[in-house]
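Colleague: Chain residues, written in single-letter form:
There are 2 protein chains.
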Amino acid sequence: MAAESGEKWILTVTAQTPTNIAVIKYWGKRDEDLILPINDSISVTLDPDHLCTTTSVAVSPAFSHDRMWLNGKEVSLSGGRFQNCLRELRSRASDFEDEKKGIKITKKDWEKLNVHIVSYNNFPTAAGLASSAAGLACLVFSLAKLMNVKEDHSKLSAIARQGSGSACRSLYGGFVKWIMGKEENGSDSIAVQLADEKHWDDLVIIIAVVSSRQKETSSTSGMRDTVETSALIKHRAQEVVPKRIVEMEEAIQKRDFPSFARLACSDSNQFHAVCLDTLPPIFYMNDTSHKIISCVEKWNRHEGSPQVAYTFDAGPNAVLISHNRKAATLLLQRLLYYFPPQSDTDLDSYVIGDKTILKDAGIHELKDIEALAPPPETKENTSTQRHKGDVSYFICTRPGRGPIVLTDESRSLINPETGFPK
Amino acid sequence: MAAESGEKWILTVTAQTPTNIAVIKYWGKRDEDLILPINDSISVTLDPDHLCTTTSVAVSPAFSHDRMWLNGKEVSLSGGRFQNCLRELRSRASDFEDEKKGIKITKKDWEKLNVHIVSYNNFPTAAGLASSAAGLACLVFSLAKLMNVKEDHSKLSAIARQGSGSACRSLYGGFVKWIMGKEENGSDSIAVQLADEKHWDDLVIIIAVVSSRQKETSSTSGMRDTVETSALIKHRAQEVVPKRIVEMEEAIQKRDFPSFARLACSDSNQFHAVCLDTLPPIFYMNDTSHKIISCVEKWNRHEGSPQVAYTFDAGPNAVLISHNRKAATLLLQRLLYYFPPQSDTDLDSYVIGDKTILKDAGIHELKDIEALAPPPETKENTSTQRHKGDVSYFICTRPGRGPIVLTDESRSLINPETGFPK
Chain A
1 MAAESGEKWI
11 LTVTAQTPTN
21 IAVIKYWGKR
31 DEDLILPIND
41 SISVTLDPDH
51 LCTTTSVAVS
61 PAFSHDRMWL
71 NGKEVSLSGG
81 RFQNCLRELR
91 SRASDFEDEK
101 KGIKITKKDW
111 EKLNVHIVSY
121 NNFPTAAGLA
131 SSAAGLACLV
141 FSLAKLMNVK
151 EDHSKLSAIA
161 RQGSGSACRS
171 LYGGFVKWIM
181 GKEENGSDSI
191 AVQLADEKHW
201 DDLVIIIAVV
211 SSRQKETSST
221 SGMRDTVETS
231 ALIKHRAQEV
241 VPKRIVEMEE
251 AIQKRDFPSF
261 ARLACSDSNQ
271 FHAVCLDTLP
281 PIFYMNDTSH
291 KIISCVEKWN
301 RHEGSPQVAY
311 TFDAGPNAVL
321 ISHNRKAATL
331 LLQRLLYYFP
341 PQSDTDLDSY
351 VIGDKTILKD
361 AGIHELKDIE
371 ALAPPPETKE
381 NTSTQRHKGD
391 VSYFICTRPG
401 RGPIVLTDES
411 RSLINPETGF
421 PK
Chain B
1 MAAESGEKWI
11 LTVTAQTPTN
21 IAVIKYWGKR
31 DEDLILPIND
41 SISVTLDPDH
51 LCTTTSVAVS
61 PAFSHDRMWL
71 NGKEVSLSGG
81 RFQNCLRELR
91 SRASDFEDEK
101 KGIKITKKDW
111 EKLNVHIVSY
121 NNFPTAAGLA
131 SSAAGLACLV
141 FSLAKLMNVK
151 EDHSKLSAIA
161 RQGSGSACRS
171 LYGGFVKWIM
181 GKEENGSDSI
191 AVQLADEKHW
201 DDLVIIIAVV
211 SSRQKETSST
221 SGMRDTVETS
231 ALIKHRAQEV
241 VPKRIVEMEE
251 AIQKRDFPSF
261 ARLACSDSNQ
271 FHAVCLDTLP
281 PIFYMNDTSH
291 KIISCVEKWN
301 RHEGSPQVAY
311 TFDAGPNAVL
321 ISHNRKAATL
331 LLQRLLYYFP
341 PQSDTDLDSY
351 VIGDKTILKD
361 AGIHELKDIE
371 ALAPPPETKE
381 NTSTQRHKGD
391 VSYFICTRPG
401 RGPIVLTDES
411 RSLINPETGF
421 PK
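Chains as they are written, first to last, in UniProt numbering: chain A, 1 to 422; chain B, 1 to 422.
Hints are supplied without guarantee of correctness; some may be wrong.
Here are the simulated DSS-like cross-link-like pairs (lysine-lysine), alpha carbons at most 27 angstroms apart as the crow flies [to be verified]: (1) Lys243(B) with Lys29(A); (2) Lys388(A) with Lys243(B); (3) Lys112(A) with Lys145(A); (4) Lys101(B) with Lys150(B); (5) Lys422(A) with Lys100(A); (6) Lys108(B) with Lys8(B); (7) Lys326(B) with Lys379(B); (8) Lys145(B) with Lys198(B); (9) Lys388(A) with Lys367(A); (10) Lys234(B) with Lys243(A); (11) Lys29(A) with Lys155(A); (12) Lys104(B) with Lys359(B); (13) Lys29(A) with Lys243(A); (14) Lys243(B) with Lys234(A); (15) Lys150(B) with Lys182(B); (16) Lys29(B) with Lys298(A); (17) Lys112(A) with Lys100(A); (18) Lys298(B) with Lys29(A); (19) Lys101(A) with Lys150(A); (20) Lys107(A) with Lys8(A); (21) Lys112(A) with Lys422(A); (22) Lys234(A) with Lys234(B); (23) Lys234(A) with Lys29(B); (24) Lys388(B) with Lys359(B); (25) Lys359(B) with Lys29(A); (26) Lys101(A) with Lys73(A); (27) Lys355(A) with Lys326(A); (28) Lys29(B) with Lys243(A); (29) Lys243(A) with Lys254(A); (30) Lys422(B) with Lys112(B).
If you're looking for bench data, these hints aren't it; they were derived computationally from the structure.
With the rest of the complex left out, here is chain A (with noise of 0.2 angstroms):
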């Protein structure tokens, strides 16, 4: 090492990195040690200005050993996950030099050196949002940046892969493929690009964060039963999927908002369809979820064409897509009438994120919400039900972009003279 045992230089970066959400869905691994998943999955990534992590990585010869802290409090960094991705990034570290602070790495010395990692996510972790995803691919973005790793995307994905498969999603804006790969050791097993966010930016998304006092089982030992249980995952993984994945990539190539539909609500249901074929059997959606579905399709059916797509991950709430601004708009309007909040609630905190669609839907207060006409196409008396308190908020999103460097060092979460979070 360069610098001299007793100097306390601090070098850090920070990186956003955003969320994902599948469309066609992973379920189910081949190898649990190197994440390497049955069948190849595709995601949106969701736009880091409303949904995303920013992580914070510091490394000095001051620290003892390596930290994490997330969310304001410290995590342990022992789970195999989190040393396969610390390994797999110190083995491809490169020399460093900042000749200003007198600081010089060499490609041995990352072996040696410990490190310091602060994540936030903007977003309740609680809600079943994909968290570890986006977390993970932070921190071996941001880890990669600090180690001078000189690889790509593709072969950071595949990195992040092995910290929470869906990780691996979130190194890429806009459409993704994760490829599931055929080698033993996984180093096909790899996300790549389909298109950048700008290639289909009509389509805007409302996540709907649905109450849930069940508690769910955690997407890991969940997949684990059902690749052990399930009569119907082998055929879904091998006959149905790899046939979706083509047409799910004509459908983003073509932006044909009816296939898209289609396909992400048929393979949404069928992920939570083998989830049901397990033993003893999984529920991630809850009544709400049936009602959000039977909202979108009773109105999609009276449209004549689909104008939102709906796909569910490992829990309750609902990520909705629209095919345009205005769908989202007259989507809003229905979720807001079968969904309204609780008297207590203000409406600034039940609809976060872009809130110029609120406004584009007519409402600017909380009686505006009250005074919601049925939709039309409700005619029976049983679907004019409105269920106050049955989601927690919504949040207004689009498609959006990759893992970014945040270069301003006021949004870094580390102290730059202690190395601790601020």
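Once you have looked at the hints, place chain B on chain A.
Modeller: Then chain B, alone, in the frame of chain A:
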């Protein structure tokens, strides 16, 4: 017709037919008109003392046309399915003579004579407890007796099948297999008895009738949609079910409860999985159904061997099959702990059927339900929540006998003088 025109004789028959619950499910037709399924199914016949249809049929030269009354209200017989059953039965009718009453009907007469059918379920029709299965089976069985049809139960099952698919399984007691058959005309798509109700009389069945405000998809249109849109149903019907049928027959033969439970639960879940894999998806189970499954799964796991199997048909009601009376008693305590009645419900109408199980469970009044301790397998706070009002009522029953003719004239639903409902 030997009976002279203007003569007012009336000939009646009354029969009672059980409902049945499939433990390997029927879902999907290969022929909509003949009601031919895409896979075999296996059911347990439920004790008619607690769940059955009673049907009286009458024939008289005085009747101007075929008429039917169900639960006190006249219903139309014009549907194709009723007409198919009536036509099939008339074509198999035989000569009948009652010298005492001076009635003589030749095979040919039956084509011109009209019938009155009066049917009554001893359980709420709206509860979604296979009322059409028992109803159609009873209609066919009673008319076959009236018309002196000499075919055996298997042949009758093929006629009942054309009224309502699962009705064919209600022509036998105990354990019944509906063989899908291969013939285009459906002649080999019949029900056969695997074992009678005495073969495995340890089993005790508790049905939880679950409150629901959702309008359910009819099974006829639901299974049509599944066959047309599910990417998994063909694999289920062709690859999964045939193996399960063999295993389930063996489990029943050997009274092997662990295998029986595993197969019944897996197949119920898979049926609901293919419903979810339908576009638009079909949800029959709701949050309460999910809670009941969790309760049973948790208890089974805690005991180390299955105490109870669950199965759900096209609705949210749970049919819970306990491996013996002891297990049923412990199950009922658990169900009443998690799903106590509303304060204004009386115990006598909250647990119906075989009430001796309630007594064995030490429940004599509502206070005893309130005083129930959380089951030992519940450790976390979330799983000790009680859900008042989620279940409408429970029915305690057991496997039961097949159809019988009721010779006691007082049990006839038809006035022998007028030929109309009593």
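Colleague: Take the hints in turn and mark each one as holding or not.
Modeller: Each hint tested on the structure:
Under the criterion of a C-alpha separation no larger than 27 angstroms, the hint pairing Lys243(B) with Lys29(A) is consistent with the structure, at around 26 angstroms. Restraint check: the Cα-Cα separation between Lys388(A) and Lys243(B) comes to about 46 angstroms, which exceeds 27 angstroms; the hinted pair is violated. For the hint linking Lys112(A) to Lys145(A), the alpha-carbon distance of about 18 angstroms falls within 27 angstroms, and the restraint holds. Note on Lys101(B) and Lys150(B): the hinted pairing holds, with a Cα-Cα distance of about 22 angstroms set against a maximum of 27 angstroms.
For the proposed pair Lys422(A) and Lys100(A), the alpha carbon gap of about 24 angstroms is at most 27 angstroms, so the pair holds. This hinted pair checks out: Lys108(B) and Lys8(B) have alpha carbons roughly 19 angstroms apart, not beyond 27 angstroms. The hinted pair formed by Lys326(B) and Lys379(B) meets the criterion: a straight-line CA distance of about 23 angstroms does not exceed 27 angstroms. For the hint linking Lys145(B) to Lys198(B), the alpha-carbon distance of about 25 angstroms falls within 27 angstroms, and the restraint holds.
This hinted pair checks out: Lys388(A) and Lys367(A) have alpha carbons roughly 14 angstroms apart, not beyond 27 angstroms. Simply put, Lys234(B) and Lys243(A) have alpha-carbon atoms about 16 angstroms apart, close enough for the 27 angstroms limit, and the pair holds. As the CA atoms of Lys29(A) and Lys155(A) are separated by approximately 20 angstroms, the hinted pair is consistent with the 27 angstroms bound. A distance of roughly 53 angstroms separates the Cα atoms of Lys104(B) and Lys359(B); the hinted pair therefore is violated under the 27 angstroms criterion.
Under the criterion of a C-alpha separation no larger than 27 angstroms, the hint pairing Lys29(A) with Lys243(A) is consistent with the structure, at around 19 angstroms. Distance check on the hinted pair: Lys243(B) and Lys234(A) sit about 16 angstroms apart at the alpha-carbon level, within 27 angstroms; holds. Distance restraint check for Lys150(B) and Lys182(B): the Cα-Cα separation of roughly 24 angstroms lies within the 27 angstroms cut-off, and the hinted pair is therefore satisfied. Taken as a hint, the Lys29(B) and Lys298(A) pair is honoured in the structure, with Cα atoms around 26 angstroms apart against an allowance of 27 angstroms.
Distance hint between Lys112(A) and Lys100(A) is fulfilled; the C-alpha atoms sit about 23 angstroms from each other, no more than 27 angstroms. The suggested pairing of Lys298(B) with Lys29(A) holds, with an alpha-carbon distance near 26 angstroms, which does not exceed 27 angstroms. Restraint check: the Cα-Cα separation between Lys101(A) and Lys150(A) comes to about 22 angstroms, which is no more than 27 angstroms; the hinted pair holds. Distance restraint check for Lys107(A) and Lys8(A): the Cα-Cα separation of roughly 20 angstroms lies within the 27 angstroms cut-off, and the hinted pair is therefore satisfied.
Restraint check: the Cα-Cα separation between Lys112(A) and Lys422(A) comes to about 25 angstroms, which is no more than 27 angstroms; the hinted pair holds. This hinted pair checks out: Lys234(A) and Lys234(B) have alpha carbons roughly 14 angstroms apart, not beyond 27 angstroms. Proposed proximity of Lys234(A) and Lys29(B) is supported: the alpha carbons are some 24 angstroms apart, at most 27 angstroms. Annotation: proposed proximity of Lys388(B) to Lys359(B) holds, straight-line Cα distance about 21 angstroms (limit 27 angstroms).
Proposed proximity of Lys359(B) and Lys29(A) is contradicted: the alpha carbons are some 49 angstroms apart, above 27 angstroms. About 31 angstroms separates the Cα atoms of Lys101(A) and Lys73(A), which puts this hinted pair outside 27 angstroms; it is violated. A hinted pair counts as satisfied when its Cα atoms are at most 27 angstroms apart, and Lys355(A) with Lys326(A) qualifies at roughly 14 angstroms. Our distance criterion of 27 angstroms between C-alpha atoms is met by Lys29(B) and Lys243(A), whose separation comes to about 26 angstroms.
Simply put, Lys243(A) and Lys254(A) have alpha-carbon atoms about 17 angstroms apart, close enough for the 27 angstroms limit, and the pair holds. In summary, the hint linking Lys422(B) to Lys112(B) is supported, as the alpha carbons are separated by about 25 angstroms, within the 27 angstroms threshold.
When each numbered hint is compared with the structure, violations occur for hints 2, 12, 25, 26.
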